[in-house]
Structure formats: structure tokens, C-alpha cells
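One line per chain: the protein sequences are D and B, in this order.
Here the first sequence is numbered in the working numbering, starting from 4 and rising by one per residue.
Here the second sequence is numbered in the working numbering, starting from -17 and rising by one per residue.
Certain hints may be false.
To be verified - SDA-like cross-link-like pairs, simulated, lysine to any residue; straight-line CA separation at most 25 Å:
id, chain 1, residue 1, chain 2, residue 2
1, B, Lys56, B, Glu(-14)
2, D, Lys22, B, Lys56
3, D, Lys16, B, Gln189
4, D, Lys74, D, Cys203
5, D, Lys22, D, Val256
6, D, Lys16, B, Pro14
7, B, Lys0, D, Gln190
8, D, Lys22, B, Arg52
As the list claims (entries may be wrong) - Computed beta-carbon distance windows for the label pairs:
id, chain 1, residue 1, chain 2, residue 2, range
9, D, His104, B, Thr121, 35 to 43 Å
10, D, Arg268, B, Gly(-7), 52 to 60 Å
11, B, Glu165, D, Pro184, 16 to 24 Å
12, B, Ala170, D, Glu187, 37 to 45 Å
13, D, Ser245, B, Thr97, 49 to 57 Å
14, D, Thr212, B, Arg117, 16 to 24 Å
15, B, Thr97, D, Glu187, 37 to 45 Å
16, D, Ile68, B, Asp113, 32 to 40 Å
17, B, Ala44, D, Ser245, 18 to 26 Å
Simulated from the structure, these hints should not be mistaken for laboratory data.
All C-beta atoms in this analysis are idealised placements derived from N, C-alpha and C, irrespective of residue type, glycine included.
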Amino acid sequence: MTDLALAPSSDPKLLSRTKWAVSDIRTVTWRNLMHIVRVPETLFFSAIQPIMFVLLFTYVFGHAIPVPGGKYINFLMPGIFVQTVCFGAISTAIGLSEDLHTGLLERFRALPMSRSAVLGGRTSADLVRNAFVIVIMTVIGLLVGFRPQPSVINYALACVVIMFFAFSLMWGFALIGLSAPTAEAAQLMTFPILFPLTFCSSAFVPIATMPGWLQVFARHQPVTQAVNACRSLMVGGPFTLSSAVWYSLAWSVGLLVLFVPLAIRRYRDLV
Amino acid sequence: MPNELAVMARGLTKTYPKASVKALDDFDLDVPVGQVVGLLGPNGSGKTTAVRILSTTLQADAGTATILGRDVAKRPDSVRRHIGLAGQFATVDENLTGKENLTMVGRLCHMSRGTVGARAIDLLGEFGLADAADRPVKTYSGGMRRRLDLAAALVARPPVLFLDEPTTGLDPQSRLALWDVIEALVGAGTTVLLTTQYLEEADRLCQQIVVIDHGRVIADGTPASLKADMGATVLELTLDSPEAATRVATLLGGLANSEPHLLGATVELTVENGPAVAAEALRRIDASSDDLLGLSLREPSLDDVFLELTGEKTDVDAGAVAAGLVQDPAGHAKEPS
């Protein structure tokens, strides 16, 4: 029974638990990123959709939407960035649902790995993918006339605000992915959340153009705050609204406080 | 430590949400260290539920279970460091290569990078997957996938291994290959709890068999003792024609426990004392005008046992049942359906 003697018998302490949790999250993140390497189509097509939105709003709808104090493309791009990461969070739900239904999560759950690693690794990998898409979108934006203010720091800060918001949203979508009966259902379940959030926001049109009752929702919801924060940092000028940065960060923290424990509990209690 | 239990379950009960029937109902199990115990039962009998509770991926509603003395509900992390899980419900990652899969599992078992790399290469070689090591798993055949799945369960050298229907859905050749692998593991001292619906598999691999149906243990023992509990031997006599078989059946009727069973030119009798009855049968046939072409005495198969215990035929290996004389609990011989 040498095998018995080899296996550590006591439960590890907090410090080493934290160390292993980080290692586990890295391993699962690597695994999810390998999926992008093996199936690069997913990355390609997650960039196609926002590019089409840019072209659609720039050349088809854009001229019909008056924006006070600035060019529409400068108004639009921050909205596109936020919309892109919101839709990108769908893959968090789909990916987890697939892992659940293929039985991979069953294997993970029988391993001595951290209980937060599957979700942490999934959201981290999706964050990396989002960063990629934002870089691509920045290039596309510049090509069609997007002119952010010349501050790399502000641009980077805007990206941090967007990514942080994306990260918080992914944990909510992780909960959906672990609760949906199939991956397809998981995807469909995200739409009723995503459409009102992204379109009834300041992403594509000024909120002042909406009916009064809708303005109440549109003005305060998290996508609007993220878009306003992003506009303020990236473009500035007529779009400056520094308070939005704090509102957006507060929303993201709030979503994380709510959804991280719920998603992890859901993972723990999977049947 | 000859008497130490690798796996112990007492009174495990589980009802799934949205299901009214109990998946497990007061389920007990003992698996001594170093043994292979087979959990045998039809689909839906509770085998997988038992394995999931014992491997900490599912919480029982009632009852306790320990792995090497560690409570699965109270110290799941410690349990997870001592078990490997493989089988139909625990899969590998399709988009990773075989080697990447093993490396990932090893890292998640907190082995060092160097150790994991060497271990992965060893296992891939041992399981005949060396050539496919750097190919994505989606290009693997079913048998290769199962071998990789089993290898993944073994990366961290767990002392206790759960194999949930390891060969379900495999072709006969892949099944035989996987049996060899499992036998080698057992030879190396691993404790194995194996679930299966194949009686042949349990018979070949397991030292102890626990028969489970509707979430309850309905019998347990060694394969031989379960068969002996049938309390009978099957005597098969082959004649040169069905007519001769009918005449011999009449001649020997009184020797059998139950009505003789006719299958073409063969007569089958379930008898108490095989050798004595066989000798008497030979004398009587010798004195008659018929020629005996063949005679055999065989133990009842596990299929016979299973059928008697559960009243259901296993969906596979029905051929083995069809080849034998099947007794119902009332002791009447009947035609297998």
C-alpha cells in the first residue's frame, strides 16, 4: 500500500489552498484558450458580428441619429465595445453548459481542484478572448473614422472598465449556463437579458430620444453606465461624464458580489 | 491492514429532484482494500448514483460513506485526493490532445509540471496511445477514448478507482483490451469499484459482486457463491435427433428438479447433484436404443442468477441466457423469452 502513504492525508491550509486555486484557475483558463486555438473559427466569428454592427450603424442608421455635440462614429464605438463584450458573455454560458452536459464537469468535480477554478478559468479565458476582439474592433473603428482622444492611458482605462463589466456579467451568465437544460437553451436564455440591456441603453442612440418611462430604465442600467464611462474616457469632450466611471465600477462590483457566490454554489450543488 | 475498507457505505439514500422514485434506497457497500468489487444491475438501478455519491460529485439525502476512512460529505477534498473516476459520465476534453488531457488532469491533481509530463507519457505508452498522444481526442475511436479516460483517472495514482460502466458501448475487441488493462491495474494493487450491466464483465473481473436493483442491494457474494446459491447444476445432453431428445427427456424426467427443457436435439436438466445424476443418466441412456453425442455439466451462469434475483433479463448477453436453461423463482423451467 505504498500508494496510500504517498497521498497527502491532511487537508491543506488556507495559504496553500489559495495557491492551488490560482494554479487551478490557470490550468482551466489554459484549457479553454486551447479550444480557441483548436477551433479558431469561434474567435473569427465573435469578431464578425460587432464589425457588422459598426458598418450597419455607421453607414445605414448612423446618419438618421443626431448626436448632440459630436460625430456619430465617436458616439457609437464605445457602445459597440460594450455591446461586444455583453454578447461575448454568451460563450461563458454556452461553454459551461457544454462542459456540464458532456460530462467533463463531472470529472472536474471528482478532482481535488478548487471549487472556483472551473468558473474562474472559464471567465478568465473569455476575458482574454474579449480583449482580442476589442483590439480588432479598435482597428476597425479607426478605419471607419473613429477618433478617440489621444491618451493611451485613458483608452486603456476605458478598456479596463469594459473588461471589468464583462467579467461581472459573465458570472451571471455562468449561472445561466449551469442551470440551462442544454447549451442551446442557455444561449436562448441570454437573449431576453441582452437585448433590453444593450439596445435600451445609451449604446446606439442618445437616451433623451426615448419615451420618458423607458429613460428611467435606460439611464440607470449597467450597460448605459459602462458605455458612458467608456465614452467619457475614450472620447471625452462633449461626452465627458466622469461619474459614469464610478457608477459602472459600482455596478460591476455589485454584479460580482451577487453572482460569484451564486454561480459557485450552483457549481457545487450540480446534480 | 487486511481488514481495512477502501469504500464503505451505510444506508445511502438519494431521491433526485423532480423524480418520485428513490435512486438509492438504504444502500450498503463494503469494498476491502485491494479488491475488485462489481456493482451489477440493469439501467436505472442506482449504480451510477452510488458511484457519484462515493466520488463526492453528488450529495446523499441520508446515510454515510467513507473512502479509506474519510467521510465523503465531510472531507470531500481529502477523498478526491484518493480516488480516480472514469466511465460513461466522466469524459475527456475533445479539443485537447490525449497528452494535454492527461497533463490537465495531473495539474488539477496538483502534481508538479515535470512529474505530470513524465506520467502522461508513461500512461499513453501503457495504454497503447503513444502514437495518438498529440492528436486531438475528437479524432480518437471509441475504444481509444475509453482508454484515455481510464488513463486520466490514473494520472495521480489514486489508491481507489471508480469505473462506471467502463466498457458500455464498446465493440467486443475494445472491451477485451480494456479488461486486460483493468486486470493489470488490479494486479498492481488498486482497489476498484466497477459498475456494469454485463454479467460476463463482472464474472471475469470481480472478486465480489453486489447486485443492485431499484436502488437496493438484492444479493452479494463471490461470482461462484452467487451461482452456487442457485442450488443447482445444469446437465446438458445432446442426442442425434429432436425425437431422441424427447424420448430421453421422458426417460430422465424423474431425476431433475423441474421439467426437462428441450432445445432441438439437446435436453437440459436442472439437477441437485450433478455428477451422480449424470452417471445415472448415462446408465439409463446406455440401456435405451438412443445414442448420446455429448454430455456436459455446467454451473448456472450469472445471467441465470441475475434473472432469478431481479425477475428481469439483462438487455445484453441475452444470448448466454438463451443458450442455457432458465429457471424462474417458482422453480418451473421456462423458455427464455
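Of all the hints numbered above, which does this structure not satisfy? Sort the numbers upward.
3, 6, 9, 10, 11, 14, 16, 17
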